[in-house]
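**Q** Sequence:
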Amino acid sequence: EATTTLDPINIQERVESAFGTVDGYVATQGSTATKTDTPLIETPQSISVITKDQMEAQAVDSLNSALRYTPGATGNLYGTDNRGHGLQMRGISNSSGVFYKDGLQLKESNFTLFTALDSYGAERYEILRGPASVLYGQASPGGIINYVSKRPTEENLREIELGAGSFDRYEGKFDFSGAVNADKSLLFRFTGAAHTGDTQTDFVEDDRIFIAPALTWQPDA
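Numbering-wise (this note's numbering), the sequence shown opens with residue 1442 and increments by one.
None of these hints come from the bench; they were simulated from the model. Glycine is no exception: its CB is placed at the ideal position from the N, C-alpha and C atoms. Honestly, I wouldn't trust all of these hints.
As a list, the in silico DSSO-like pairs of lysine-lysine whose alpha-carbon atoms are at most 27 Å apart [unchecked claim]:
| # | residue 1 | residue 2 |
| --- | --- | --- |
| 1 | Lys1614 | Lys1625 |
| 2 | Lys1548 | Lys1476 |
| 3 | Lys1625 | Lys1476 |
| 4 | Lys1476 | Lys1542 |
| 5 | Lys1625 | Lys1548 |
Distance ranges between label pairs, derived from CB positions [as the list claims (entries may be wrong)]:
| # | residue 1 | residue 2 | range |
| --- | --- | --- | --- |
| 6 | Thr1640 | Ile1450 | 27 to 33 Å |
| 7 | Gly1619 | Asp1643 | 43 to 49 Å |
| 8 | Arg1524 | Ala1498 | 23 to 29 Å |
| 9 | Val1621 | Val1456 | 34 to 40 Å |
| 10 | Gln1486 | Gly1461 | 17 to 23 Å |
| 11 | Glu1595 | Phe1644 | 44 to 50 Å |
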């Protein structure tokens, strides 16, 4: 009998991770509610995820602006302030344990504001509504906001942005990532942003520099 050898067919699929990039505006995985990479549909709590694509589409430049379309969470609680974030979760204002970075609690910088983290360094924001003290200890009963940092990727990433705006604002951003060696056991990511300018308030400037280097080592089992 004659046989026919077919050409090989390679199928590649990108599986979404709660710690990686989301294609589009709707995330299906989350980590804040369980501290594990868990499907949101299997998480018995109310969660919103603000993805990187959503932040880019809405020109988000801070957590306060990222929360504009998120139910139960409010930014700019005391008006525009470039020193930090004024946050409210389900009507509970700026209590300790509301703002986290990669699952670790950030304290208020001056009793009313949380330290401002640059949104360009965030892969996503996860907003968990309701009490979460079982996992996070002394957390806000209104809920928590988790800033998920960008992590190194195996795929090469080269991104540079320049911008200008009102009040003599000028900004520059860069994001580089990829593998250091051939077997991709060592990955890097180098993210940074800087801007300078005035604000709508006389004699109040808005200057900031953000640098975030990161390495991932994934040795063979």
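**Q** Is it true that the CA of Lys1614 sits at most 27 Å from the CA of Lys1625?
**A** Cα-Cα ~26 Å, so holds.
**Q** The hint says 44 to 50 Å between Glu1595 and Phe1644; measuring C-beta to C-beta, is that right?
**A** 47 Å, holds
**Q** Lying within 34 to 40 Å: is that true of the beta-carbon distance Val1621 to Val1456?
**A** 23 Å Cβ-Cβ, so the 34 to 40 Å window is violated.
**Q** Can the suggested window of 23 to 29 Å be confirmed for the beta-carbon pair Arg1524 and Ala1498?
**A** 27 Å, holds
**Q** Starting from Lys1625, check that the Cα of Lys1476 is at most 27 Å away, please.
**A** It holds: about 26 Å lies between the C-alpha atoms, which stays within 27 Å.
**Q** Holds or violated: Lys1548 and Lys1476, Cα atoms, limit 27 Å.
**A** 20 Å, holds
**Q** For a C-alpha distance cap of 27 Å, please report whether Lys1625 and Lys1548 respect it.
**A** Violated: Lys1625 and Lys1548 sit about 36 Å apart, past 27 Å.
**Q** Could one say that the CB atoms of Gly1619 and Asp1643 fall in the range 43 to 49 Å?
**A** The hint (43 to 49 Å, Cβ to Cβ) holds, given that Gly1619 and Asp1643 are roughly 45 Å apart.
**Q** Please check whether Thr1640 and Ile1450 have a Cβ separation lying inside 27 to 33 Å.
**A** Check failed, 57 Å falls outside 27 to 33 Å.
**Q** Using the C-beta atoms of Gln1486 and Gly1461, is the stated range 17 to 23 Å upheld?
**A** Hint holds: Cβ distance 21 Å, inside 17 to 23 Å.
**Q** Is the Cα-Cα distance between Lys1476 and Lys1542 27 Å or less?
**A** 12 Å, holds
Checked against the numbered hints above, the structure violates hints 5, 6 and 9; every other hint is satisfied.
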